[in-house]
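A.B. asks: Sequence:
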Amino acid sequence: MADNQLGCYTIKSHGTKLARLHKYDWIILLLLALIDGLLNLIEPFHRFVGRDMMTDLRYPMKGNTVPFWAVPLIGIVLPAAIFGGIYFKQKNFYDLHHGILGILYSVLITAVITDAIKDGVGRPRPDFFWRCFPDGNDVYDNITTGVICHGEKSVIKEGHKSFPSGHTSWSFAGLGFLAWYLAGKITAFDRKGHVAKLCIVFLPLLTAALVAVSRVDDYWHHWQDVFTGAIIGLQLLRFVICNFSHILMMPDAFWPHAYTFQLAEERSSSKCKPIQCETN
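For the sequence shown, the working numbering assigns the number 805 to the last residue and increments by one with no breaks.
Treat the hints loosely; a few may be bogus.
As the list claims (entries may be wrong) - Here are the simulated lysine-lysine pairs, DSS-like style, with alpha carbons at most 30 Å apart:
id	residue 1	residue 2
1	Lys682	Lys614
2	Lys587	Lys722
3	Lys710	Lys722
4	Lys722	Lys548
5	Lys542	Lys587
6	Lys678	Lys614
7	Lys614	Lys722
8	Lys717	Lys587
9	Lys722	Lys542
10	Lys548	Lys614
Hints listed in this document are in silico derivations from the structure and should not be mistaken for laboratory results.
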């Protein structure tokens, strides 16, 4: 359908045009990445932790079922690879550009908000006891009963970043965007009764949910951290989608906004001729 109506919109034919049109979007995107990097460098608020509070913070320290480096792969690289595969099939650079730009904004805005809240709240992780007292010898202030940690400084710093879950918010922001994107590609909401399409849409969301569950299983987060992280990721995703798509239930909204933009561009110019796709 797209090939017949749109011709070809390749990187070679439309890359420069889109780069100029969205240059400020990419500049702001780099600024968001810088801000998030700074938020990870600063010291979070060290919330008071007393002797009586340690009962709920003595879970064992475990490794990450889903490592930190795997989250960008799952939430950004994997969806971007799917966008790229669709581009090589359809030669639709509008779709590729808007897909990558949209998912990066979804994840990075979510990351900045999540890390800012982490630093401001400073909630201790469920395994905080062993971060604070790695040898098991707990020491407390005689007056306030507050902890006097003697563990590794970087480990203690990470121990004050429980709320909300970054793994969860990143995963739901990135994979949620992928779910929306796939819903458009397969016309999941065309009201023709093909409910099996929803399995494809729900698969990215299920993956995000499993990442969230792993954070509780690894004792890196309380359930409230994970629940809030999911809400942040999905809500920020909604705001980003508003700039890239109409409501999916509308007849002309089965594809991302880039597609409907191209259709309008084609229909408004009778002199526009389809560009021949390169085979190499």
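A.B. asks: Next pair to validate is Lys682 with Lys614; report whether the Cα-Cα distance is within 30 Å.
C.D. replies: Roughly 47 Å separates the two Cα atoms, so the pair is violated.
A.B. asks: Next pair to validate is Lys722 with Lys548; report whether the Cα-Cα distance is within 30 Å.
C.D. replies: Violated. Lys722 to Lys548 sits at ~36 Å, over the 30 Å cutoff.
A.B. asks: Given the hinted pair Lys717 and Lys587, is their alpha-carbon gap at most 30 Å?
C.D. replies: With Cα atoms ~47 Å apart, Lys717 and Lys587 exceed 30 Å; violated.
A.B. asks: Straight-line Cα separation of Lys710 and Lys722 no greater than 30 Å?
C.D. replies: holds, 10 Å
A.B. asks: Lys722 and Lys542 were given as a pair; does the straight-line alpha-carbon distance stay at or below 30 Å?
C.D. replies: With Cα atoms ~35 Å apart, Lys722 and Lys542 exceed 30 Å; violated.
A.B. asks: Given the hint that Lys542 pairs with Lys587, test it: the Cα-Cα distance must not exceed 30 Å.
C.D. replies: violated, 49 Å
A.B. asks: Can you confirm whether the C-alpha distance between Lys548 and Lys614 stays at or below 30 Å?
C.D. replies: Since the Cα atoms of Lys548 and Lys614 sit roughly 26 Å apart, the hinted pair holds (cutoff 30 Å).
A.B. asks: What's the verdict on Lys587 and Lys722, does the C-alpha distance respect the 30 Å limit or exceed it?
C.D. replies: violated, 38 Å
A.B. asks: Below or equal to 30 Å on CA atoms is what counts here, so check Lys678 against Lys614.
C.D. replies: violated, 50 Å
A.B. asks: For Lys614 and Lys722, compute the direct alpha-carbon distance and say whether it is at most 30 Å.
C.D. replies: holds, 20 Å
Hint compliance for this structure: hints 1, 2, 4, 5, 6, 8 and 9 are not met, and every other hint is.
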